[in-house]
Amino acid sequence: MKSDKEKEDGKKKASLFKRIIRFPHKCISMLFKPGTLIFNFIRNKVKESIRFELIIAFGVCFFVALMVFAISDNYFSRERQGATIDYSAGVNSIYNRADFLLNEITQRKIDSKNLTSLNEFIHDNGDYSDEKIIITDLEGKIIFKTVNVSETEIDIYNLIKNASNLKQVNYSDGNKDRKEVTVFYPLKLKDTRTYLIVKGIPDARIVYEYYRSQNQFLALLIAVSAFILSFMFITNKKMKYIQEISKGVDEISKGKFSFRIGKKGKDELSLLACNINHMAEEIENKIESERKAEKTKSELITNVSHDLRTPLTSVMGYIGLVKDGKYDNEDVMNEYLDIAFNKAEKLKVLIEDLFEYTKLNNEGVRLIKSQINLNEFIAQVVDEIIPICDENNVEVFKSMPQESIYAYVDSNKMVRVFENLIINAVKYSYKPGTINIYLTKEKEEAIVCIENKGDNISKEKLDKLFDRFYRLDESRSASGGGSGLGLAIAKSIMEIHGGKIWASCLNNNIRFYISLSVLNVNNE
Numbered sequence: 414m415k416s417d418k419e420k421e422d423g424k425k426k427a428s429l430f431k432r433i434i435r436f437p438h439k440c441i442s443m444l445f446k447p448g449t450l451i452f453n454f455i456r457n458k459v460k461e462s463i464r465f466e467l468i469i470a471f472g473v474c475f476f477v478a479l480m481v482f483a484i485s486d487n488y489f490s491r492e493r494q495g496a497t498i499d500y501s502a503g504v505n506s507i508y509n510r511a512d513f514l515l516n517e518i519t520q521r522k523i524d525s526k527n528l529t530s531l532n533e534f535i536h537d538n539g540d541y542s543d544e545k546i547i548i549t550d551l552e553g554k555i556i557f558k559t560v561n562v563s564e565t566e567i568d569i570y571n572l573i574k575n576a577s578n579l580k581q582v583n584y585s586d587g588n589k590d591r592k593e594v595t596v597f598y599p600l601k602l603k604d605t606r607t608y609l610i611v612k613g614i615p616d617a618r619i620v621y622e623y624y625r626s627q628n629q630f631l632a633l634l635i636a637v638s639a640f641i642l643s644f645m646f647i648t649n650k651k652m653k654y655i656q657e658i659s660k661g662v663d664e665i666s667k668g669k670f671s672f673r674i675g676k677k678g679k680d681e682l683s684l685l686a687c688n689i690n691h692m693a694e695e696i697e698n699k700i701e702s703e704r705k706a707e708k709t710k711s712e713l714i715t716n717v718s719h720d721l722r723t724p725l726t727s728v729m730g731y732i733g734l735v736k737d738g739k740y741d742n743e744d745v746m747n748e749y750l751d752i753a754f755n756k757a758e759k760l761k762v763l764i765e766d767l768f769e770y771t772k773l774n775n776e777g778v779r780l781i782k783s784q785i786n787l788n789e790f791i792a793q794v795v796d797e798i799i800p801i802c803d804e805n806n807v808e809v810f811k812s813m814p815q816e817s818i819y820a821y822v823d824s825n826k827m828v829r830v831f832e833n834l835i836i837n838a839v840k841y842s843y844k845p846g847t848i849n850i851y852l853t854k855e856k857e858e859a860i861v862c863i864e865n866k867g868d869n870i871s872k873e874k875l876d877k878l879f880d881r882f883y884r885l886d887e888s889r890s891a892s893g894g895g896s897g898l899g900l901a902i903a904k905s906i907m908e909i910h911g912g913k914i915w916a917s918c919l920n921n922n923i924r925f926y927i928s929l930s931v932l933n934v935n936n937e
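Numbering-wise, the sequence shown is residues 414 to 937 according to my numbering.
Some clues are possibly wrong.
[Claimed, not checked] Pairs of lysine-lysine, DSBU-like flavour, derived with a Cα cap of 35 Å:
no., residue 1, residue 2
1, K759, K811
2, K554, K592
3, K650, K603
4, K603, K574
Derived by calculation from the structure, the hints in this document are not laboratory data.
Computed from a predicted structure; not experimentally measured.
All chains should be modelled from the sequences, with the hints used to inform the complete structure.
Below, the structure is given as structure tokens:
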């Protein structure tokens, strides 16, 4: 059994071993962390900016082109071998032997009368067998020469004149003419001053040279082709996306406003596609709105014509009867005139409603706002409509909070809203029936609900209730009453007040709602 101390030591060693094992991983992670950060930064930039993406693509393609140029240049290069005749080694050999001979004569301290001993040295040294060796006095008279020399006198002046050019003769680069080399030195003998002249034909040797023949134009052409191909490959997706955007714009320009361009990436092209899609959607909505407006305009003309013609026909008919005297007595005449007058009143109401609706929708109305107590305002409107409710056997119940709720509105316009809604509820309520009016406050809004029981209204019809000239009675009979503009006028008034109006129907419970901003008042 191990003791606790041994177990503790074992744990420490294991912990130390784990740290030692993890240390290289931490070092590697720290080394690669800056590179990872740079890579992520570049990748995000490439995704977000097409300009940055093109710069990176250009850099990659340029690097590829350089690599291709280096490989192709090396591939098309050829090592070639050339042979040339070189006399430089032979010339140097002549000069070296002349220097050696000069040093040897100087060391031997030979005088001009004992130059025959020099023949023995030259004869013994086979290196001088091909050279002509001459020693002259200062006047150019030969005092010593080897057997292979035919000259009897040397022109010292010309020899000195051309001495500077003796070493400049080019015997390389394929020069095949073996020219005689003349080496000229002043020589001091034991008893006099002389000149040493050594002449010789340099030996030739064949020199083999290796050089590379290159075709850089072809390598450059391949590198440029590689740059173009790699650039096309890298930018292929973007070019296809640009073509897709172009095709989308072309489709939209043909009137296909429902066409949408797919969003790919987060760069400027993606933003352009989103803007084009938004533009197409806006145009589509505007065209649809214009179609609806045109349709509504046609319906308006039809409805107005119908609603004006019906009472007008009745008015003209009954007045025509009176005019032609087609009545039995004065009571019948008065009855005809009463009917014509009632029809004329309905005609007047219709024209006034139409005029008010047009004025509200064309922003031709000016609101005269004031602070009103909604509790008292609704109670007063209901009291004024009680006689109409009694005539239709309908009771009205109000539910108001104890707290007074204030709003800043045009009271005359709001009276029209509440009257239209309550009369509409009276008209379509079951008889006998009840109408409930609720006033509540929710946060910063006052909510008014007018509820009655009547025939169920479908969702399709419910959405059209606030359209102009819409009636639940599709036969548009005059007995139904109303111009079909009451709810449309109420909606327009609420909109210019910045409020809301909507309706709901659950089974036989029909509710109309009004929402207005609440005015905070400290003291009533």
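Here is how each hint holds up against the structure:
Annotation: proposed proximity of K759 to K811 holds, straight-line Cα distance about 30 Å (limit 35 Å). Using a Cα cut-off of 35 Å, the hinted pair K554 and K592 holds, with the two alpha carbons roughly 25 Å apart. Straight-line distance between C-alpha atoms of K650 and K603 comes to about 97 Å, which puts the hinted pair past the 35 Å bound. Note on K603 and K574: the hinted pairing holds, with a Cα-Cα distance of about 27 Å set against a maximum of 35 Å.
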